[in-house]
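Asks: Residue strings, one per chain:
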Amino acid sequence: MTQPATPSRPAGRRKFELDPRFESYKGVWVFLEHNEGVVHPVSFELLGEGRKLADQLGVELAGVVLAGDGTAARAFADEAFFHGADLCFTAIHPVLAHYRNQPHARTLTALVNAHQPEILLLGATTMGRDLAGSVATTLQTGLTADCTGLAIDPENRSLAATRPTFGGSLLCTIVTLNYRPQMATVRPRVLSLPTRDTSRRGRVVAVEPDLAEDEIVTKLLEFIPDARRDEASLAFADIIVAGGRGLKRADNFRLLWDLADALGAEVGATRPVVQAGWVTADRQIGQSGKTVRPKLYIAAGISGAVQHRVGMEGADVIIAINPDPDAPIFDFATYGIVANAMQILPAMTAAIHQHMAALKKAV
Amino acid sequence: MHILVCIKQVPDSAQIRVHPVTNTIMRQGVPAIVNPYDLVALEEALRLKDQYGARVTVLTMGPPQAEAALRKALSFGADEAILLTDRAFAGADTLATSYALASAIRKIQEDMPIDLVFAGKQTIDGDTAQVGPGLATRLEMQLLTYVSRIDGVDPDTNEITVQRRAEGGVQRLRTRLPAVLTVLEGINDMRFATMADMFRAARYPLVVWDREAAGIDDVGKIGLKGSPTVVSRVFAPTARAQKAEIITTQSEQPDDIVATLLAKMFTKHPQLRAAIRPRLA
Ligand SMILES: Cc1cc2nc3c(=O)[nH]c(=O)nc-3n(C[C@H](O)[C@H](O)[C@H](O)COP(=O)(O)OP(=O)(O)OC[C@H]3O[C@@H](n4cnc5c(N)ncnc54)[C@H](O)[C@@H]3O)c2cc1C
Ligand SMILES: Nc1ncnc2c1ncn2[C@@H]1O[C@H](COP(=O)(O)O)[C@@H](O)[C@H]1O
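So the protein lines, in turn, are chains D and W.
Going by my numbering, the first residue of the first sequence is number 1, and it counts up by one from there.
Going by my numbering, the first residue of the second sequence is number 1001, and it counts up by one from there.
Chain D on its own, in the form it takes in the complex:
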């Protein structure tokens, strides 16, 4: 979705020439986020994209691991190599065992100053945004938050980061002038996951973080894991059936849940539906909700506003059900049914039940 339109505030008047003090800044870095011993998938997605950016620039791709112990750090570094990194910086210190802003920001900032990357990418998660905002401020550089696309401008080697812009159905591309590194956070599930190649190897560059627990003001008292693990499963569901304001009433969401049970799918929703309280906020899909990449996305009663679209257009197949033939959702759905969802949804549930019953008989 990249058709240029009228620029609103052209960068033209400001210069792209890089300050000589930044000329030594080379390479693309990806911060590897890990929680409870597991690397967040967004880090792999970023490595996949970072690989492309690094190849285009003719530079190396590095992972950055901040961890509490060496075994974990080594495992995470290997994962970085499997997903495309050439090298991995590891900073290991007990203080870094759990995420806290102060030690993590201090360590990452020091790493950037010492090894000078031109691009630094982080996931737009609660950790990534917390960390990126602090590091960018200390480094006095530009940070583009919550991007949905990254590219290199061939003219000046700068990072062109694209994100939805407010209110309207628009996207904007943002560049960082005259500062390095160019920083961006990217939302989980926006980029595709690269294939994991366990034969790939890389160099580990171990750095000594300058940390001491008694200098860290914030203490972690405990970590309370979410009781309902399935909350997060929406982002990784193979099939999602989502409803919008066109379903008219909270009761009608039952039709979606029935179809979801028949398909083994998750239920998603648009923002107005969440705001109306028809479903919980963790089911919101879109710019201010989750991004999903299911194999199949069924959109019932959804108009297809850009803020919703950016969260779901990565789906392989999209079915849209909407009585308005001009609804924007039909511009990017795979299949469209121009009809009342309250009639189509039960028919679809019945048809899936039949389909499965027929399969069972066949075996």
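Misleading hints may appear alongside valid ones.
[Stated by the list, open to error] Cross-link-like lysine-lysine pairs, in silico, DSBU-like; alpha carbons within 35 Å at most: (1) K1268(W) - K361(D); (2) K1264(W) - K360(D); (3) K290(D) - K26(D); (4) K290(D) - K52(D).
Since the hints were made in silico from the structure, they are not lab data.
Bear in mind that the values here come from a model prediction, so they are computed numbers and not experimental data.
Using the hints provided, position chain W with the ligands relative to the given structure of chain D.
Replies: Relative to the frame of chain D, chain W with the ligands by itself:
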């Protein structure tokens, strides 16, 4: 305790329309509101005031009209309000915004030290969630983002304990004041303004600061000049190469339409068959 809440006036994005031909945002007639996430922060500050006693100061950077946002906050029970307004602030990105706000906050501290700075989770126009972290860094205060609950403040040890949303769970964290907190949506409901506060808000003599009053000497750090990021282009998302294939049948019966769709879909996308794993009722 002295609590500062950063609020921003934003256009009510639900009512914004994009001009279909020029792709520009049509702001005319769109009402301005207080960024909804900032009201959550304000309510949290007011609850601390109820519980422990505090002075709550609200601060906004924006055009003169942003005064309305401050008066709204006063009507809910904020004690003081400061409007930071100057043409030189225009066009600020998050780095330049946090610089200007941090300068003003330092100035406010000369009058009375601040124990807690609240910011919203994010704004609905900028949507970056970066101003809070920027403020903490500049003010050298501890940063607690995505706070889902304030467990308590201990005035003796000068510590605050909060729950913070993280991936797959919640961190319980304790830190020393002063600190910057950004709070999650949905953790409280905004109170109703009392008649008395509404009257007070209407009459309140607003404190208005320009760049110099906020103690900012370096114009290179604020507004467009102080912003390392630049919007290079704005564009409309385009349709995929192909529009949706509309499924129709002669009968126009839901059952027939669905049957046609499924037959077509399973032929063209056979991988979807395996994705179906019905849940047992
Ligand atoms: C900063 C910002 C962030 C946002 N973030 C998000 C986000 O994360 N996620 C999100 O979804 N939105 C988000 N929005 C809101 C977004 O702009 C749209 O308003 C929203 O997606 C529209 O939701 P909808 O499709 O349910 O409702 P509508 O746009 O009202 O569409 C309802 C549709 O239902 C159709 N319909 C009517 N009757 C029927 C029927 N019987 N059967 C089937 N269809 C019917 C109508 O033709 C219409 O197309 C955001 C907006 C802003 C400004
Ligand atoms: N111009 C401003 N004036 C006051 N507070 C602001 C301003 N811009 C941002 N903030 C605060 O910073 C938070 C995050 O904003 P943002 O980084 O733009 O998403 C907001 O919720 C506000 O609390």
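Asks: Please write out, lowest number first, the hints stated earlier that are contradicted by the structure.
Replies: Hint check: nothing fails, all pass.
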